[in-house]
Amino acid sequence: MSIVELATVLILAVFVGLEVISKVPQTLHTPLMSATNAIHGVILVGGIIVLGTAEGPMMLTLGTAAVIFGTLNVIGGFAVTDRMLQMFKARKREGGR
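Note that my numbering has the sequence shown beginning at 227, numbered continuously upward.
Hints in this document: simulated from the structure, not taken from any laboratory.
Remember, predicted model here, so these are calculated numbers, not experimental data.
Think of the CB as a built atom: it goes at the ideal place given N, C-alpha and C, for glycine as much as any other residue.
Hints may contain errors.
Pair by pair, the computed Cβ-Cβ distance ranges are [unchecked claim]:
id, residue 1, residue 2, range
1, Gln312, Val230, 39 to 47 Å
2, Met285, Ile237, 27 to 35 Å
3, Val276, Leu232, 17 to 25 Å
4, Val230, Pro257, 31 to 39 Å
5, Phe241, Ile301, 22 to 30 Å
6, Leu238, Pro283, 29 to 37 Å
7, Gly302, Glu245, 19 to 27 Å
8, Ala261, Ala292, 19 to 27 Å
Based on the sequences and whatever the hints tell you, model everything.
Here's what the structure looks like:
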C-alpha cells in the first residue's frame with residue numbers, strides 16, 4: 227500500500243471511531259473502557275511473545291518500546307476506568323447518613 231492509501235485509511239478510521247464513540251451513552255463508557263483494556267492486555271501478551279522471537283537489535287528495540295508503551299496504555303486505561311467507577315459510588319454524608 228502506498229502512503230496515500232495508508233493515510234486515507236487512518237483518516238477514515240479516525241472519523242468512524244469518533245462517530246461511533248459519540249453515539250455511546252455516558253453510562254456505557256465505563257464498561258466499554260474495561261473491555262478495551264482487556265483487549266489491550268491480550269495484545270500486550272502477543273507483543274511479549276513476538277518480542278521473544280525478535281531477530282536483530284532493531285526488532286528488539288522496537289519490540290521493547292512497543293511493549294513498554296502498550297503497558298503504559300493498559301495501566302492508564304485501568305486508572306481512568308477506576309476514576310470513572312469512583313464517580314458512581316455513593317458519597318458518605320456527614321452525620322452518619
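Do the hints match the structure? See the list:
1. Separated by about 45 Å at the C-beta atoms, Gln312 and Val230 satisfy the suggested range of 39 to 47 Å.
2. The hinted range of 27 to 35 Å is satisfied by Met285 and Ile237, whose Cβ atoms lie roughly 29 Å apart.
3. Between Val276 and Leu232 the beta carbon distance is about 21 Å. The supplied range of 17 to 25 Å therefore holds.
4. For Val230 and Pro257, the hinted distance range of 31 to 39 Å is satisfied, since their beta carbons lie about 37 Å from each other.
5. A C-beta distance of roughly 28 Å is found between Phe241 and Ile301, which places it inside the suggested range of 22 to 30 Å.
6. About 35 Å separates the C-beta atoms of Leu238 and Pro283, a value consistent with the hinted range of 29 to 37 Å.
7. The hint said 19 to 27 Å for the Cβ distance between Gly302 and Glu245, and at roughly 24 Å that hint holds.
8. Distance hint for Ala261 and Ala292: a CB-CB separation of about 22 Å, consistent with the stated range 19 to 27 Å.
Taken one by one, the earlier hints all hold for this structure without exception.
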